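Protein chains in written order, with our numbering: chain Z, 191 to 301; chain P, 283 to 464; chain C, 1491 to 2026; chain S, 147 to 475.
Hints listed in this document are in silico derivations from the structure and should not be mistaken for laboratory results. These numbers come from a predicted model, not from an experiment. Glycine included, C-beta positions come from ideal geometry on N, C-alpha and C. Treat the hints with caution; some may be incorrect.
Unchecked claim - These stretches of chain S come out as covered by chain C in the derived footprint (C-beta under 8 angstroms, 3 or more residues): (1) 213–220; (2) 239–251; (3) 340–353; (4) 374–383; (5) 433–446; (6) 450–461.
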Amino acid sequence: MATLDLGGQSIEVDEEGYLTNLDDWSKELAEHMATEDGITLTEAHWEVINFLRDYFQKYQIAPMIKILVKEIGKTMGPEKGNTKYLYELYPAGPAKQACRYAGLPKPTGCV
Amino acid sequence: MTLRDSLSERKENIIEKWFERIIDTYPPDTSRFLKDQKDRFANPVGATISRGLEGIFEEILKDEQDQAKVSKFIDNIVRIRAVQNFNPSQAISFIFLLKNIIRDELTVDVLHNHNADELLALESQIDGLALTAFDIFMNCREKIYEIKSNEAKDMTFRLLQRANLLKEKQNHVADDMNDVTQ
Amino acid sequence: MAKLPKPEELAKVDFKPPKTGWMDTPANLKPGTFCWGAKAKNLQVVDFPNARDWNPTEDDWKLPKEWEGTVLEAMADRLSKYRSFKLFLDICVRCGACADKCHFFIGTGDPKNMPVLRTELLRSVYKKYFTNSGKVLGKLGGARELTYDVLKEWWYYFYQCTECRRCSVFCPYGIDTAEITLMAREFMNLLGLNTDWISGPVSNCYTKGNHLGLEPHTITSSVEFFLDDIETITGIKVEPTFNRKGAEILFVTPSGDLFADPGTYTAMGYLMLFHELGLDYTWSTYASEGGNFGFFTSNEMAKRLHYKIYAEAKRLGVKYIIGGECGHMWRLIHQYLDTWHGPADFLEVPRSPVTGTVFENACSTKMVHVTEFTADLIKNGKLTLDPSRNDHLKLTYHDSCNTARGMGLLEEPRYVIRNVCNHFYEMPENTIREKTFCCGSGTGLNASENMELRMQGGLPRANAVKHVHEKYGVNMLANICAIDRATLKASMDYWVPAVGVTGVHELVGNAMVMTGEKERTQDLRLEPLPGEEGNE
Amino acid sequence: MHIAVPFFTVIFLVLIAYAGIEAAHLHVLFGIVIPYAAFTVFVLGFILRVRNWGRSPVPFRIPTTCGQQKSLPWIKASTVENPSSTFGVIVRMALEILFFRSLFRNLKTEMHEDRVVYGSAKWLWLAGLAFHWSFLIIVIRHFRFFLGDIPFVLEMVEGLDAFLQIGAPLLYTTDIIILGAVTYLFLRRVAIPQLKYISLAADYFPLFLIFGIALSGVLMRYFFKVHVVGVKTLTMGWLSLSPVIPENVGVIFYIHLFLISVLLAYFPFSKLMHVGGVFLSPTRNLINNNRMKRHVNPWDYPVHVHTYEEYEEEFRDKMKSVGLPVEKE
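Okay, chain Z solo, but in the shape it has when bound:
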C-alpha cells in the first residue's frame, strides 16, 4: 500500500493517490496534496472542495461535472458556474484534482 506522509503521520492512499480511508481527510491533508502539485489553496478553491465534500456527504459519490458546474453556479453565482473558472482553479481538471483534495474516491463500474 502506498502512503502519504503528513507531519510524521503516514496516511494510506491507493495506487492512484486517492485516500483509502476517507476518514483520514483533513484540511491539512488537502493543503499538503495541493502544495505537492504546486498549488496554494485559496478561498475560491475551498468553495469547490467544500461543495464536493458536501455533495459527497449527501450522495456518497463524486458528482458528474455537469452537476458540479451547475451547482457551483447556483450557490456561488453564475459568473463562477462555468468550466473555465473551475479550470483556472484546478488546472489538472476539477473533477480529478479537486476530488482528490476533497478526499473523494474514484468511481468504478461502467463509467
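Since chain Z is already given, all that's left is putting chains P, C and S on it; use the hints.
Okay, now just chains P, C and S, sitting in the frame of chain Z:
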C-alpha cells in the same frame, strides 16, 4: 540513373524486406500470423504495418514529400507499437531498418552511379522520419496517459465542454484542455 | 568508444521470444496490462474468502494456507457440476481454428492469448490431477503441477479474457473459452484473487443496488438533472416515477446510464420515449442495475446480484419488465435469470400496451429488450420520427458480444437505427453480428490502470471502425451496451479520434417528434442540431 | 520432444508386432488376445467416458448463437444458426458433424488490396473433412471382413471409392486421401509456429499412429498382397467367438492389426473422444429458447441476497427525503 530510380526499381523488394524485419521483432508464433493473415480486419497489426511501409516508401520516392501523408502512415504504425510494450527506441527503430536495407540493396548501384551524395541526402531524410516517428510516439503515450488519468474525469469531459457552450465558445475549452494536458 | 546497438538489435531488446515451451514460461506482468488487486473491504461486504489488501506486482500475494487444495477441490466440484467445463477440457484437439480469433491475441500478439492456449493453462492442471494420462505421462501428456507461478499466470491471463465467445463461434466443437474463464475466476476468487475494478462494483451492487454505488436519492437527483435538460431541449416536462407500486412495467437498465456519459443521453432517450408513449412504468432505486459484475467473479455471486430484479418486480406488482441497453446484462437475463430465480409466474407474458404485440419470445422470462419493444413500436407506426435530426451523424453499429453470441439480438437494433437515422453504414462482415469483435474491455476489464491492454484488445474493433470512417466518413458508433459506451469512447479517442459513441435510444430520443414539443434546436447533448449551428 | 517421443513410440509399436510374430511367433496373442482386449477397452472406455460427461449436468442453457434470434414475427429468424426448435438443433448439429460448419466459417474469401485471398483456414477445413470422411469410408469398407454376404450398399461404396479404376487391385481414392490429409495435418502443426507452440505429444501420437495404420494397410493391399481369405477367416472367427489363426497371413497384417488395436485402446483416453463429445457440446446442441422455456439447474441452491427490506432499512431516511415511497414509515 538517379538513386530514386534505383529505389523505384527495387521498391517491392525493399518494402518486403522492411516488413519482414519489422515483423521479426515480434515473437515467432506471432510473426507468422502477422505475415500470413491477409485479411486486414482479422490482422490489423500486420495489415497496418504493411500498408504504412508502402505509403511511407512511396512518399520517399517523390521529389516533394507530403509531410501530412507521411506522418499519417507513420502514425498508423507507431500508434500500435505505442501500446505494445515496446520502449520508445524499440517502437520507432523500424524507421532505421530502412537505412540498412537500402544500403544492402543499393551499395553497388550507388558506387556504380556515383550518387553517394544522394544516398546521404536520403539517409538524412530517413533520420527526419525517425524524428517524426518519435514525436508521434510521444503524442501517443501522452494520449494514453491523458485517457488514463482522465477516465474518472472523462465520464464528464464532454459535459464540461457542453456546459461551457452556454457561456463561451467551444474552442476555448479545447484550448484550455490542451494547455492543461500538454 | 562503446559499440552502439544496431537498429535490428535495438528492436529486439526486451522482446525475446519464449525459447522455452509455454509451460516453462512464467507470466510476466507487464505494466498497463493488468488491474489492481481487490481491496479487503470490498470482498468483506460480500463475504468473499481471504479478504486482504494485496498488490499483484509484489511477490507475495498473501494466499491462504493450502490454497492448492482449495483450488483442486473446487475444480473437482465444478467438473461434477458443469458438463461444459468437463467436456471442453477433454475434447479440444488443438486444431488452432480459434487461435487468431481472439481480439487480445490479434492486438497483443501474446501466444498465451490464443484461446486454445488460454484454456491449456488450466487444462494442463486438470490433466495432472484428474486424468490418468496426465498422471502417468506428466509434461509429455500436457500436464503440469499447480504452482504459485501457474496461479499467477492464471490470474494474469484469465483477467485478459473478456468472455466474448468469439472463439466459440469458430470452434468445431463449440468450445467456449468463456466457460473456462468463468471457472478459473471462480477458483481464484476462493483465494481472494480478484481485481479492484470488479470487486468494487460487486460490493456496491450488493448493498446499494448498482455498480456505481448510487444511493436512492442520488438516482433521483441524477434523473432530475436529465429531466431539466429534456425540458430545455423539448419544452416538455417529463415526470417519471420511482419504486411505484402498481405500475404495469418495471424498467431496469445499467447504472452507467444514470451517471456516465454518453450513457446518460441514452437514459434521456428512454425517459423521452416512455413519456411520449404515456407508458405506465416505474424505475426502481433498489433494482437499479441490469449489469452484473458478479458474473465476473462466480456464478453464485452473479445469482446473488440478479436476485433483485424479480424480487422488485414482485414487490411492486408489475406485469412485466423491460430491460435497457446492456450487453452482459442481457446474456444473463436471457441465459441465466430464469434458471436462477424463476419461474417468474407472478408476472404476465409481456404485451406492448401501445401496439398490443405479445412478446411470445419472452413468455417465460417476462423480460423484453428495449430495442425489441421500440422496433415493434416503429413497425406499427406508433412513433413520429424525424431522422433528419440525426443527419449530422454518419453511423455504424457495433454488436455487443453478449447480445450477439449469447442471444442473437442482431436485427432489432439495426431496424431501429435505420428508422431514426438516414446515414447508416455496416462495418466489414467479418467484424459484426456473430463475428463481432469485443470492445476489448468487457468482464470488468474497463479500468484505467490496464489501458494499454484495453487499447490492444480494442484494436480489431477500432480498426474496422476506422475503415468505415475513412470510407464513408462515419463519425458515430452506436451500440447497446453500457460497457461499450464507457470503453469504446477511450478506444475511439486513441484509435479513431473523429468518431463518437452513442446508445441507440439516444438516437431515438433525437429523432422522435414528441407531442407538444417546441421546435428543437439542440440534440440530447445540448449541441446544435443540423441546420441550427449558426443560431447559437 | 513432443514430436520425437510419439514418433518413436509408433516405430517401437511396429517393431513389437514384427518381433512378436516373426521372432516369437505369438500369433494367438497378436491375432486374438490383443484385438479382443483392445476392442473391449474401446467399447467400455467409450461408454464410460460418455457416461462420465453425461453425469455432469448442464446447469444453464448456453448455446452460442450465430444468427438472428426468434423474436418479432416480421424479423426473419435464423432457424439453424440460432435454433429455436429441436429440428433446428438437429440440422445445426448435422451440419456441424457432417460438414464441419464452424470450421467452414473461416473460409471467407477476402478482398485484400484488390486481390481475392482465401483464408489459410480453408485448408484446415478441407483436410479435416477429407481426413474424417475417408476414415469413415475406409472403416465401412472393412465391414466386408465381418459380413458373410457383401451387401449391395457396401459394394457401391467400394465401387465409388475405386472409381479411378487404376491398378490391380483397384486403387481406393480414400487410401490416397487419408495419407495425404494426415500428412497435411502433421505438416501444418510443424510448419505454423503458433500451432507448433500449442501442439502436444498427444496431438502428434494419433497422427503418427493413424498414418502407420493407413500405410500398413496400403502396403498390405497393393504391395505385399496379404492372403485375404485367411484374413477373413480370422475376422469371421472373432465374430463367432471361436477364432482360429489362419496360415500364411503375412507379418504386415499383424502390424496393421496391432496398430489398430493400440488405436482402439488409446481412443477412450485421448482427445480422439471428440467424436463422442461433439454431440454433447452445450454451446451447440441446445435450443436458444431461453426466454420461452425455463431451464432447470439440478444443483441449484439458495444464496444470500440483499433484500429490499435491508435496503430500505439502510436508506429509508434518504428515500423519504426525496419523496420515494417506503414500506415502513
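Consistency of the hints with the structure:
no. : hint    : in the structure
1   : 213–220 : holds (count 7)
2   : 239–251 : holds (count 5)
3   : 340–353 : holds (count 9)
4   : 374–383 : violated (count 0)
5   : 433–446 : holds (count 11)
6   : 450–461 : holds (count 9)
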